[in-house]
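*Asks:* If you want the building blocks of each chain, they are given just below.
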Amino acid sequence: MRFENMLARKYIFAQKRHSALTICSIVISIAMMTMIACCLSTYNAITRAAVFDRSPYHLLIYSITEEQGKSISAYDHVESCTLEKNPETGGFTAKVLFKGYLGKWEEFFPKFNADNKLGLQLIDDESEFEKNYEAEASPDYMLNYQLISKDKIEYNGRMDTLVNMASSMIYAIFIAFLLRLIIDTAFEVSSKERERQFGVLQSVGATPRQIVRIMTHEALLLCAVGLPGGILLGIGVAFLAYKAVLSSGVADYYFTAEKVKELVHFHISPAMLVMCAGVGLVWVLLSAYGTGRRVIKKSPLEAISARPNAVKKVRRRSLMGLLFGWEGKLAARNSRRQFKRFVITILALTLSLTAFGTITSVVDTISDFMTKAFEESGMDYDLWVGAPDENNIKENVEALQETGYFKEVDCGTAVPIRWDELNRNQCMIMFYTKGEFEKYFSNSPLSYEELNASGGYLMILTDPAKKDYSPEQIDVTIKRRDKITAEEAASLPEDEVETYKPHSDDPKAEGLLYYKKTDLPATLKIAAIVREIPDYLMFSTDVRCYLIGTAEQFDLGREGLFGSSVRLSMDCVLKKHSDYDQVKHWLETNSSGFTLNYDNFAERRSIETTITSIKIFALFFNVLIGLIALVNLVNIISTGIINRRSELAAMECVGMTRGQLRKLALVECLQYVIIACVGAIVLSLALLAGTQLFLRSIQLIEDNSERLVEFSEPVIRVLIAGAGAFVAALAASLIPLKEMQRTDLVDRIRTLE
Amino acid sequence: MELLKIENISKIYGKGENQVAALDNVSFTVPKGQMLAVIGPSGSGKSTLLHILGGVDRPTSGKVFLDDQDIYAKDNNSLAIFRRRQVGLIYQFYNLIPVLTAEENITLPMIMDGRKPDKAHLERLLDLLELKTRRDHLPSQLSGGQQQRVSIGRALFTSPEMILADEPTGNLDSKNSAEIMGLLRHSNREFGQTMIIITHDENIALQCDRIITITDGRIISDKMTGIA
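As given, the protein sequences belong to chains U and R, one line each in that order. Count along the first sequence starting at 1, add 31, and that's the number in the numbering used here. Count along the second sequence starting at 1, add 10, and that's the number in the numbering used here.
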């Protein structure tokens, strides 16, 4: 062993660059595993804390005596038992937390019941526990199975954990495979250069087992630096990710600000770290062992006389050769020297680009769609506030403005009318405050002030039969409504009463409202006519004529003309988003009769937060896959250059310029990126087309022309990500090339000899 | 008429106490068409001299003129082009490009130069090198002797003014050595190329027109063999 250990140490220090590369590979691989483990344990800890916060017990038992409570507290598997006295019954409610492993619940619980003489009526079908989280299984007790499962204190909980772990295995295997590849490459590169030396060692009496041991000893020594380094880096990156998630506000969506402080903490699971270190160590040893086995497959003579970088077969013609001349031909042939690794790197890069292209396109499309839907709905306000005084727009707007909470307060309201001259009588008077008028009727020939001064209405007339019609005034019947009490409504005939249930998010909003219906003839002055319907009114396609008036006109005419038919609601935009909680509290407690009809701010924030969470998870996934692909790409390209050190020197000796060398490196990088980009574009489009067909088949998309995502979207993204990968690959290629060129050409050519 | 003129070439490796002079104030000239052997013990500076003549390694001091042009006055790029067009280098371990076939290896300097290889010239050369049936083989599919012939083909193909060979037969058996020397001799006679051969082997040296002996970086003898 001393011989192997001594040689392993010597090799590590003699091949500093290779040792550094191997350590870096180990660090990156372990860091990725640790990062995933830390994120997972933090997520588990947060969800466990949230469950515990909601229901801080494994078992809740109603109505027990104090003696029974004491008996439970003293029971073997009980960690704590909190008793709360019920003043009505005089009994106690016990919140029980268990510790240790309970075995199968259906076996433990009857014994627990009997041992503590609880006399609980247990349900017959105990398997219900598994199906129904927090199910109220019996009137005597309640199980918090979610917490039991999270704490893994009983058989089914552990099984659930195993099932969850198994379901994530596919993902884990994919990641682990790619990580193993990184370590494997590093060992193979380092051993390749020593093949001849291993042959010499064997020729002077080293056994094949000793050669393998040299490799594994070397791996162990490198792990001594690589494992702690990787774990520290992984924890660091995971902590940064946690901080980024916290600052993004995602947590605020699930918990209140106080709860975030209380429940959302970064969590490191020592067991998971040990597992990462263990898997890493096994991976490294397997890589070293595999490399050692490959080395000893050659006889000492073969190893000593082996020609480095021997190539047995090449493809004569290649697309790269056609595109880039002899540099392209060389690049294509070089890439196939380690064909398996080339294919795996291309695959990893292709998958990474595809994931990036499709996921970001879909997420952005969903985000754009939601934002657009909000904009088009005209719901560009934060809060929709119902007014206490139903008949005066101006007073209500001013009252809200005086609170100082709002940047903008606007109001729009409608009164139905009948205009006999118009087919099917589809007609409506709409009143707006200045802000809304200017926002919706930018095509009006009259300004708000001019319209107000005229005392008339802006007529929006889209009926084709009335295209040459320009009246100065029209005779209509106003469908007047006057608010009455429920008692008054009961005394009137049914056809004279209209009931209305206002939509409201406010608990103190009124229930049903009652109105007395009256048809009131009136002559209305027309101040101007517009024959093009504004976008804002487009959704009411049945209405052929709108009369637009000002808020002041409504206030002036409400007594005599319009009655109290309209329940006024104000569109309010907050001055500062940070005031939201305060404003909401004000509306709920002391708002002088104002009610919150609709909380668009919370709705918008919840959608934004959902999108942000999706984006963060998509980003995390993309970064992870991207990093693995990039490390592989950088690894294969840089080692490819380092391995061909003397070969490139030979080319320089026969007249290759440094510019030509750089072009060769560039073309080599380009071919990886081109192949991966083409593959990723095809895959992305196939994925999107497949998803679209699927959505159409389940009728989530009805229109044939409707697309989930524009097909050009992922293509552009794949190309952008491909450009990034190309830059990284080029750097990985040019840096060792530059480093190499610092060494004398003679020294480099002599390394071959 | 002299093709090559070497003036006070010195090459010093290392610094301070570790300083080693691989070449110490070496000067000589080589007329056009001469076949010159440089012999000497290991570490005497033969290979260093060859690399300096070939534009591969820069001297610490002194000048090298080829056709009255100071080759080390050139920048790196021009020096690469010089190696490509005016010099043919032959190495003991061939230094062929493993992904290129025999034919592609031979034509590589011309392809690098952006020129189209002359097919007739290539056929003649392949014939001369007895590589016609092996033209599409990769270096790994060729014997040592065949690889060295490819390496010679690569050096000859651009018809450079000077061929530099570093132990061209050092890795070959006596039959292959004789064949390679025959080829070099033929090329020297047929195309009038100036040839400088580094060798340990006195028999090889005796086949040349002139022999320079180097020891400890200095020329200790320079004599004609009388073959010319």
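Just so you know, these hints were derived from the structure itself, not from any lab. From the three backbone atoms N, C-alpha and C, an ideal C-beta is built for every residue, glycine too. Hints may be right or wrong, so weigh each one.
Which chain R residues face chain U? A few, computed with CB under 8 Å, are given here [claimed, not checked]:
#: 1; residue: Thr70
#: 2; residue: Asn86
#: 3; residue: Arg93
#: 4; residue: Leu99
#: 5; residue: Val109
#: 6; residue: Arg125
#: 7; residue: Ala130
#: 8; residue: Leu132
#: 9; residue: Leu138
#: 10; residue: Leu141
#: 11; residue: Met234
#: 12; residue: Gly236
*Asks:* At a threshold of 8 Å, is the proposed contact between Val109 (chain R) and chain U supported by beta-carbon distances?
*Replies:* holds, 4 Å
*Asks:* May I ask you to test the interface hint for Leu99 (chain R) with respect to chain U, counting a Cβ-Cβ separation under 8 Å as satisfied?
*Replies:* holds, 5 Å
*Asks:* Holds or violated: the hint that Arg93 (chain R) contacts chain U, with Cβ atoms closer than 8 Å.
*Replies:* holds, 4 Å
*Asks:* Let me know if the C-beta of Ala130 (chain R) comes in closer than 8 Å to any C-beta of chain U, holds or violated.
*Replies:* Violated: closest Cβ of chain U sits about 21 Å from Ala130 (chain R), beyond 8 Å.
*Asks:* Can Met234 (chain R) be said to touch chain U, with a Cβ gap under 8 Å?
*Replies:* violated, 30 Å
*Asks:* Hey, does the Leu132 (chain R) contact hint survive, CB to chain U under 8 Å?
*Replies:* violated, 15 Å
*Asks:* Once the shortest beta carbon distance from Leu141 (chain R) to chain U is found, is it less than 8 Å?
*Replies:* Constraint on Leu141 (chain R) not satisfied, violated at 17 Å.
*Asks:* Arg125 (chain R) was flagged as interface toward chain U. Is the shortest Cβ-Cβ separation under 8 Å?
*Replies:* Violated, because the Cβ-Cβ distance from Arg125 (chain R) to chain U comes to roughly 11 Å (cut-off 8 Å).
*Asks:* Grab the minimum C-beta distance from Thr70 (chain R) to chain U and call the hint holds if it beats 8 Å, violated otherwise.
*Replies:* This hint is violated: Thr70 (chain R) lies away from chain U, its Cβ roughly 12 Å from the closest one there, beyond 8 Å.
*Asks:* When the nearest CB of chain U is found for Leu138 (chain R), is that gap smaller than 8 Å?
*Replies:* violated, 19 Å
*Asks:* At a threshold of 8 Å, is the proposed contact between Gly236 (chain R) and chain U supported by beta-carbon distances?
*Replies:* Because about 33 Å separates Gly236 (chain R) from the closest Cβ in chain U, which is outside the 8 Å limit, the hint is violated.
*Asks:* Given Asn86 (chain R) as an interface hint, is the shortest Cβ-Cβ distance to chain U below 8 Å?
*Replies:* holds, 6 Å
Checked against the numbered hints given earlier, the structure breaks hints 1, 6, 7, 8, 9, 10, 11, 12 and satisfies all the rest.
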